[in-house]
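Number of protein chains: 2
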Amino acid sequence: MNPKIAAFLRAHEPATPCLVLDVDTVEHNYRRLLAAMPHARIYYAVKANPAAPILERLVGLGSSFDAASYEEVEACLAAGADPALISYGNTVKKERAIKAAFDHGVTMFAFDSEPELRKIARAAPGSRVYCRIFVGNDGAEWPLSKKFGCEVAMAKRLMVLAEELGLDAYGLSFHVGSQQTATSAYEAAIAKVAMLFTDLQAAGVKVRMVNLGGGYPVRYRQEVPGIDDFGAAIMGAMAEHFGNALPEMVIEPGRFIVGDAGVVESEVVLVSRKGEDDPVRWVYLDIGRFGGLAETEGEAIRYAFRTPHDGGAEGPVTIAGPTCDSVDTLYEKSNYRLPLALADGDRVQLLATGAYVTTYASQAFNGFKPLAEHYI
Amino acid sequence: MNPKIAAFLRAHEPATPCLVLDVDTVEHNYRRLLAAMPHARIYYAVKANPAAPILERLVGLGSSFDAASYEEVEACLAAGADPALISYGNTVKKERAIKAAFDHGVTMFAFDSEPELRKIARAAPGSRVYCRIFVGNDGAEWPLSKKFGCEVAMAKRLMVLAEELGLDAYGLSFHVGSQQTATSAYEAAIAKVAMLFTDLQAAGVKVRMVNLGGGYPVRYRQEVPGIDDFGAAIMGAMAEHFGNALPEMVIEPGRFIVGDAGVVESEVVLVSRKGEDDPVRWVYLDIGRFGGLAETEGEAIRYAFRTPHDGGAEGPVTIAGPTCDSVDTLYEKSNYRLPLALADGDRVQLLATGAYVTTYASQAFNGFKPLAEHYI
Chain A
1 MNPKIAAFLR AHEPATPCLV LDVDTVEHNY RRLLAAMPHA RIYYAVKANP AAPILERLVG
61 LGSSFDAASY EEVEACLAAG ADPALISYGN TVKKERAIKA AFDHGVTMFA FDSEPELRKI
121 ARAAPGSRVY CRIFVGNDGA EWPLSKKFGC EVAMAKRLMV LAEELGLDAY GLSFHVGSQQ
181 TATSAYEAAI AKVAMLFTDL QAAGVKVRMV NLGGGYPVRY RQEVPGIDDF GAAIMGAMAE
241 HFGNALPEMV IEPGRFIVGD AGVVESEVVL VSRKGEDDPV RWVYLDIGRF GGLAETEGEA
301 IRYAFRTPHD GGAEGPVTIA GPTCDSVDTL YEKSNYRLPL ALADGDRVQL LATGAYVTTY
361 ASQAFNGFKP LAEHYI
Chain B
1 MNPKIAAFLR AHEPATPCLV LDVDTVEHNY RRLLAAMPHA RIYYAVKANP AAPILERLVG
61 LGSSFDAASY EEVEACLAAG ADPALISYGN TVKKERAIKA AFDHGVTMFA FDSEPELRKI
121 ARAAPGSRVY CRIFVGNDGA EWPLSKKFGC EVAMAKRLMV LAEELGLDAY GLSFHVGSQQ
181 TATSAYEAAI AKVAMLFTDL QAAGVKVRMV NLGGGYPVRY RQEVPGIDDF GAAIMGAMAE
241 HFGNALPEMV IEPGRFIVGD AGVVESEVVL VSRKGEDDPV RWVYLDIGRF GGLAETEGEA
301 IRYAFRTPHD GGAEGPVTIA GPTCDSVDTL YEKSNYRLPL ALADGDRVQL LATGAYVTTY
361 ASQAFNGFKP LAEHYI
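First to last, the protein sequences are chains A and B.
For the first sequence, the numbering used here assigns the number 1 to the initial residue and increments by one for each residue that follows.
For the second sequence, the numbering used here assigns the number 1 to the initial residue and increments by one for each residue that follows.
Calculated directly from the structure, the hints in this document are not laboratory data.
Remember, predicted model here, so these are calculated numbers, not experimental data.
We put the beta carbon where it would ideally sit given N, CA and C, even for glycine.
Just to be clear, a hint being listed does not mean it is correct.
Reference excerpt, derived from the structure (chain B facing chain A, CB under 8 Å, subset only) [as the list claims (entries may be wrong)]:
(1) K47
(2) A68
(3) V92
(4) C150
(5) L196
(6) T198
(7) S272
(8) G275
(9) E297
(10) E299
(11) V327
(12) T359
(13) N366
Residues of chain B clear of chain A, computed beta-carbon distances all greater than 10 Å [claimed, not checked]:
(14) A6
(15) A35
(16) P83
(17) A188
(18) Y220
(19) V224
Required output: the full structure, derived from the provided sequences and hints.
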């Protein structure tokens with residue numbers, strides 16, 4: 001575990017559940033990513049963790065920002081971000097939210113449908129827009145289905161329409177899914193985008209940016225390819241398909257920037273068995289799926305645990321949250337094992353929980369308050 | 001739609017998303033349930049909706065309360081509830097939460113394991129305890145798996161142990177799953193409980209209460225059996241298995257009391273297609289799975305919709321929430337159809353959304369605030 005976080009937990013024994021996040025690790029990850037993809041401009045995906053100390057550090061580093069809502073635009077501005085460096089990246093926006101962002105100087109917007117494009121043309125005239133297209137999500141542990149993006153033929157028509165509506169038909173985007181562990185997913189997506197890009201240029205559209213989205217993985221229980229592997233695969237594919245005419249490149253990392261910077265500390269509420277000889281113990285924590293660990297749905301993201309008894313004899317466990325809802329079960333099928341000595345009152349740590357935890361937390365399900373947050 | 005709620009929405013056009021809940025309907029449902037099961041004592045499941053106006057109305061009606069956490073105990077006390085009428089019904093509790101409840105006069109606690117029983121004995125000496133046992137959840141649209149309850153043999157040993165620990169081995173409980181549409185589920189569970197009950201009495205344990213849990217269904221898109229059918233099935237099974245020696249009966253309704261009392265109003269953010277000839281439109285609302293509609297997970301609870309264009313031509317839709325998370329999709333496989341005239345800016349209503357919505361809402365996922373609440 002991160003020694004700075006470990007020292008904080010020892011010194012303060014903060015009330016649980018809580019997230020402790022090391023902002024220096026955020027900076028370290030930003031610099032690692034910049035080194036791995038020097039041609040790309042980093043738009044931090046604010047939704048991964050919008051805490052002010054993170055945004056402020058990234059502003060200082062010159063980062064740009066990908067906002068999912070007007071509220072996230074406001075958070076970036078409050079942290080000192082230049083509105084020219086904010087992209088409003090949700091393809092689904094209320095028209096008055098677009099206008100509010102535009103009124104604050106935001107001029108870069110995502111879309112994937114004609115009604116959305118027309119909203120942007122009305123509420124944010126002359127802005128740069130980019131169209132999100134479908135690509136495969138194979139290899140992603142948190143895939144993104146068909147909710148976002150459109151088919152290539154539609155994207156082509158809409159980019160032409162964007163210029164007719166007085167917008168700047170700036171670029172194309174895709175997203176290979178979050179916690180994407182296959183570098184080949186980016187290669188396939190780049191090939192698809194490059195064809196459309198060339199088509200659009202041939203049609204006279206002044207497209208000049210490719211937004212590669214996010215998805216770069218964090219190490220949880222299993223090793224994943226390093227960021228340099230992703231950087232090399234992406235730059236190789238870009239060179240192969242665009243040659244010397246490389247477009248502007250945008251990336252939208254969230255999990256990669258903040259995931260391994262944070263640790264959730266939780267208290268064990270109960271360790272029990274369901275029958276006298278049941279080999280599997282149930283371990284109930286004071287944080288669960290509705291307390292912030294939403295990405296354990298379907299056991300998609302499998303966090304690593306630390307306990308005070310690590311190294312001692314272990315046995316199989318089902319791990320659950322503290323609420324009266326059975327859906328609030330974290331891991332039943334992922335072969336977790338925890339020490340036999342684990343008991344109620346023990347404090348355990350969930351590693352690499354800096355991304356997609358705090359904001360997901362229910363405001364009061366079963367009466368439980370959201371986890372506390374400490375940025376150090 | 002409830003005319004009082006319809007009038008409120010017309011008169012106030014409240015900011016969306018929001019819940020509007022008619023507290024008179026809560027009272028009506030409480031009285032209906034009391035009439036259907038006059039032998040049972042009603043412990044309202046606070047987790048379904050802990051809003052003060054609901055708790056206060058129920059206090060006035062003489063209801064008891066089933067609390068899932070110490071925070072819910074506090075909410076009941078703040079609403080004027082007598083602590084003697086509060087059951088702390090979560091089988092997973094921190095020992096200091098048990099003590100805090102006991103210090104405020106709560107003396108009725110659920111358990112399903114030996115460590116929990118020992119916690120109660122230490123923190124709430126002499127209290128009434130009841131053991132939750134496993135029963136089948138077939139027929140439930142929101143089943144409860146094995147997270148709660150224990151096997152019958154273990155329950156028997158623990159009830160004997162409860163008396164040895166100086167506790168009052170008060171009763172047995174089960175839960176057939178939420179939105180349970182089969183009256184037979186209760187009949188099978190009662191048969192199982194009755195056998196254990198008789199065993200325990202033969203062993204000298206002074207057990208005298210059966211807690212039938214909740215689960216009574218609300219009408220969403222489909223008709224469900226009426227509460228009188230459940231009352232008749234339950235009383236028939238109780239008479240069959242207990243004869244003239246009926247135990248005290250406790251029920252823990254949540255959804256039944258508040259579900260159809262509430263309506264969520266939402267704004268359509270976008271209606272789009274993914275390809276030029278795609279027959280299915282995507283309808284994006286300003287509330288989704290992380291905005292409170294958590295029970296749409298797996299399309300388990302299928303809410304009914306009202307729109308300003310009802311009666312006009314309809315077509316198939318996928319319905320999704322406003323966040324950048326693809327998991328935030330409500331209905332893709334449940335054959336929803338909505339009017340072809342539906343467009344962004346329209347206000348739509350989700351009926352029977354008074355239960356299990358407000359507290360589930362994420363505090364700030366993608367920057368979106370939890371839905372507003374209006375109790376009328």
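Here is how each hint holds up against the structure:
no., hint, verdict
1, K47, "holds, 5 Å"
2, A68, "holds, 4 Å"
3, V92, "holds, 5 Å"
4, C150, "holds, 5 Å"
5, L196, "violated, 14 Å"
6, T198, "violated, 21 Å"
7, S272, "holds, 3 Å"
8, G275, "holds, 4 Å"
9, E297, "holds, 7 Å"
10, E299, "violated, 13 Å"
11, V327, "holds, 7 Å"
12, T359, "holds, 4 Å"
13, N366, "holds, 4 Å"
14, A6, "holds, 24 Å"
15, A35, "holds, 27 Å"
16, P83, "holds, 16 Å"
17, A188, "holds, 19 Å"
18, Y220, "holds, 18 Å"
19, V224, "holds, 21 Å"
In summary, the structure is inconsistent with hints 5, 6, 10 from the numbered list given earlier, while agreeing with the others.
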